[in-house]
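Protein chains in written order, with numbering that gives the first Met the number 0: chain S, 0 to 215; chain Z, 0 to 260.
The set of hints was computed from the structure by calculation and includes no laboratory data. Since the structure is predicted, the reported quantities are computational estimates derived from the model, not experimental observations. Certain hints may be false.
Stated by the list, open to error - Quick partial rundown of chain Z residues pointing at chain S, CB under 10 Å, derived from the structure:
1) Asp163
2) Leu172
3) Ser192
To be verified - Sample of chain Z residues with no beta-carbon within 12 Å of chain S, all distances over it, derived:
4) Ile80
5) Leu84
6) Pro92
7) Lys177
8) Ala258
Glycine included, every Cβ here is placed at the ideal spot set by N, Cα and C.
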Amino acid sequence: MPLFELSDIRFAFPHRPPVLQGADLVLHPGERLSIAGPNGAGKSTLLKIMVGLLMPACGRVVAFGAPRREESDFHEVRRRAGLVFQDPDDQLFCPTVAEDIAFGPLNLGASRAEALARVDAVLAELELTHLRNRITHKLSGGEKRLVTLATVLVMDPEVLLLDEPTNALDEANEARLTGILEELPQAMVLVSHDARFRQRLATRELRLRDGRLGPA
Amino acid sequence: MSATLSGAAAGRSDACGGGWLGRVDPRVRIVAATAFAVVVVACDALPVLALALLPALALLAASGLPPGPTLRRMAAMDSFILFILVLLPFTVPGEPIFTIWGFQASHEGLAQAVRIALTANAAILALMALVGTMEPVTLGHALHRLRVPATLVHLLMFTVRYIDVLREEYLRLRQAMKARGFRPATDRHTYRSIGFLLGMMLVRAMERSERILGAMKCRGFTGQIPLVAEMRVGAADIAFATGFAAVLAGLLAAELALAAV
Ligand SMILES: Nc1ncnc2c1ncn2[C@@H]1O[C@H](COP(=O)(O)OP(=O)(O)OP(=O)(O)O)[C@@H](O)[C@H]1O
Ligand SMILES: [Mg+2]
Numbered sequence: 000m001p002l003f004e005l006s007d008i009r010f011a012f013p014h015r016p017p018v019l020q021g022a023d024l025v026l027h028p029g030e031r032l033s034i035a036g037p038n039g040a041g042k043s044t045l046l047k048i049m050v051g052l053l054m055p056a057c058g059r060v061v062a063f064g065a066p067r068r069e070e071s072d073f074h075e076v077r078r079r080a081g082l083v084f085q086d087p088d089d090q091l092f093c094p095t096v097a098e099d100i101a102f103g104p105l106n107l108g109a110s111r112a113e114a115l116a117r118v119d120a121v122l123a124e125l126e127l128t129h130l131r132n133r134i135t136h137k138l139s140g141g142e143k144r145l146v147t148l149a150t151v152l153v154m155d156p157e158v159l160l161l162d163e164p165t166n167a168l169d170e171a172n173e174a175r176l177t178g179i180l181e182e183l184p185q186a187m188v189l190v191s192h193d194a195r196f197r198q199r200l201a202t203r204e205l206r207l208r209d210g211r212l213g214p215a
Numbered sequence: 000m001s002a003t004l005s006g007a008a009a010g011r012s013d014a015c016g017g018g019w020l021g022r023v024d025p026r027v028r029i030v031a032a033t034a035f036a037v038v039v040v041a042c043d044a045l046p047v048l049a050l051a052l053l054p055a056l057a058l059l060a061a062s063g064l065p066p067g068p069t070l071r072r073m074a075a076m077d078s079f080i081l082f083i084l085v086l087l088p089f090t091v092p093g094e095p096i097f098t099i100w101g102f103q104a105s106h107e108g109l110a111q112a113v114r115i116a117l118t119a120n121a122a123i124l125a126l127m128a129l130v131g132t133m134e135p136v137t138l139g140h141a142l143h144r145l146r147v148p149a150t151l152v153h154l155l156m157f158t159v160r161y162i163d164v165l166r167e168e169y170l171r172l173r174q175a176m177k178a179r180g181f182r183p184a185t186d187r188h189t190y191r192s193i194g195f196l197l198g199m200m201l202v203r204a205m206e207r208s209e210r211i212l213g214a215m216k217c218r219g220f221t222g223q224i225p226l227v228a229e230m231r232v233g234a235a236d237i238a239f240a241t242g243f244a245a246v247l248a249g250l251l252a253a254e255l256a257l258a259a260v
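Bound conformation, chain Z alone (with noise of 0.2 Å):
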């Protein structure tokens, strides 16, 4: 946990085997990948929302980040809104387009689904290639500098930092439990076992988090996590920062200029 919470890994050391969006500073990254999504989903014009994943997928290439798996990722948020997303055609009323099963799809719906799979995709994929790079320490560390509230911080911090931990004695107990001749079924037996274990995990994690405290209070620990490493904005950030936002106007004047019409 030391090596995890001391910071050592906070401010750019993480820049490690990314591209030079790895480099620039973690603030910077995490509000313009804020703008950027605030501004996707202020745009409305289905045009300026498809421009809008250029620069998306622009950061992308730039953050270094394996493209294949990295849309994956992205293909597995879109099956959280996919059914949204087939249904809209259906359930929103206008001008017909063409029917399925005597069920009528109209127009708007079907931009609708479209604004929302641009507007969707251009966010995680900004937010993925500017944030999802930054190990979690130095995500804490720039949420920290925001002013984002410490406990909040500490709460994103140990989840990432334990998650891991109770997944892996999950599957020890359950290895522990296979190992006594347990095969689940659906009977009482099975329910109460199951219970058993998840309530255990649960005390467990409690006491472990009461030891860890103690711990971190032996160190020292007085709710401020130390910082090692400071995060200072450069000139190469100013440079990014400065042209993100151009972009971000470009996309928004883009709007503005197609609503005028």
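Bound conformation, chain S alone (with noise of 0.2 Å):
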């Protein structure tokens, strides 16, 4: 069964064309699934539409086995996919990143206690303990980017929606995040602009291209 069966997805901004006309998409358990595409083909877009935060003008989303169609629906899409948002500054806004990473488990319904327990476990795990206490909007780009995707990690999603995940970071760190991400079990859908990166990570290639997904 896959874990994510979009098709026909429809989506335009008010008084706007269309930004996806049609597009289609299947993701399975331990896929990587990468999708590039021109500046604005919409793909930002289509990973919102996956999670419910944006709704198709038509077209079905059936996540984890079930058609999710309602904003209530999406509740259980959203726990157990974690999406990290193409601009960091979109996602942090809490004072601190362990209050930040805290943010998702506390959302689950973990008490404070376990809630910190896991932030240090995924900060060990992302060799991030040192930005523990750190004020968020103070971090440089490329360690708001590793924050982010800790933040998304914490919660422990069966799927993983990355949005330009690469963007702001140095060599070392792209390749310290590529190590980590070829680790992970999770099944994910890439969002990149770097060819190299989705060579090495992706077990299939995608393109969004007029508003359709096609074979890269």
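Please assemble the complex out of the two chains, which come individually in their own frames, going by the hints.
Shown next as structure tokens:
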């Protein structure tokens, strides 16, 4: 059974030409699917549709075996699929890194102590413990990027939706991130403009063009 | 930002789509709106106030604003003062005219309520028709030319420019919170998170303002917003100003005549 199955997704922002015009996508367990495409093609839009932050005008979203139509259908999807936003500044909003990472587990009902324990675990795993008590908006671009990944990994999602995860990373950190992602068992959707990164990680590559997804 | 602040839109280029009123010099329009407001506030006689609605409606027609939505906006303003209007007849002492649930409404109170409603609506209508159609940048430049302190003008222009940026930032952060399973409830976690959200927006707004100031300084900003388009009072503007002054004088004359009776 596929984790995600989107069919004939059509979407337009108000008073704008359509962004997606019949996009289809299937994500199987264990798969690392990459999506490339020009700026403004609608890649970020597609990821937001997958977790119900945007609602398509028509088309079907089936996630984890159930059709998802309404806001309430997506609460479970958001718990099981972690979206890392393209712009870390859209995501980080708590004063400190630890608090921001704890936000997700707290939403899932963890106690403060449990949440903080998981924060420390995920920071150690990503070798980011030195950032634990830093002020989020004073991190560098690349540090923010890694922290946003932590904010999602800490929720232990079954699927990772990563919007340009290597953006703003230096070579060392990019290599480290690639290594981390390679080790992770989760299925992922990787939106990236970096051909090398896609080739290294992706088990299947797609390209978004003219509002539709096709083979790269 | 550059497009909005460069002043390219200043002057009369924003007359697009509007009626002929949009082509009248912005300063003349601001002064006219202010004068109109002063006159209707000064007038007390109900017939005069009712009469004052006529020029306001005429301005609305001349502004090219869609009447339906504009009147709806006016009604939205009315809803703010509705409470006072409804209470006034019952709280102002005077000659009773009717009773509801044992409360007496007075003639004087009712007249007062009608007076306030007419004054407010005439003034707002004229303001929307005269000034509401102006691009914020034009309004800023016109106010500046009218010797309004530069600080206030900048404040106005930046508020108009960035209120949407802030709103969008708020919506994006809320979206990202939702993506991490946040559902507002009445608990400590929710209050804390909303507090963080508002705090973060405040901090970012301050940092952004510093970055913007830096970027503006790099482009030679010294506290003055440069003017590109010129504003000139032409014959048509003088004609409009004269006609409008005559209408205001007429209203005042009617008021004085009625007061003398
Ligand atoms: N909130 C919005 N309101 C209106 N239009 C939007 C909004 N967000 C995105 N768009 C438009 O929708 C289109 C698709 O945007 P999207 O962010 O999905 O592109 P993308 O493929 O992720 O591009 P990039 O590679 O630059 O990240 C673009 O043309 C963009 O201008
Ligand atoms: Mg994008």
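Would Lys177 (chain Z) pass as off the interface with chain S, using Cβ distances and a cut of 12 Å?
-> violated (6 Å)
Is Ile80 (chain Z) truly not at the interface, in the sense that its beta carbon sits beyond 12 Å from all beta carbons of chain S?
-> holds (33 Å)
Does Asp163 (chain Z) pass the interface hint, meaning its C-beta sits closer than 10 Å to a C-beta of chain S?
-> violated (14 Å)
Any CB of chain S closer than 10 Å to the CB of Leu172 (chain Z)?
-> Leu172 (chain Z) check passes; min Cβ-Cβ to chain S is 5 Å, inside 10 Å.
Measuring Cβ to Cβ, find out whether Leu84 (chain Z) lies farther than 12 Å from everything in chain S.
-> holds (37 Å)
Going by Cβ atoms only, is Ser192 (chain Z) closer than 10 Å to chain S?
-> holds (6 Å)
Given as non-interface: Pro92 (chain Z), partner chain S, CB spacing beyond 12 Å | Pro92 (chain Z) is indeed farther than 12 Å from all Cβ atoms of chain S, at 53 Å.
Measuring Cβ to Cβ, find out whether Ala258 (chain Z) lies farther than 12 Å from everything in chain S.
-> The assertion about Ala258 (chain Z) holds, with a minimum of 53 Å to chain S.
The structure fails hints 1, 7 (numbered hints given earlier, in ascending order).
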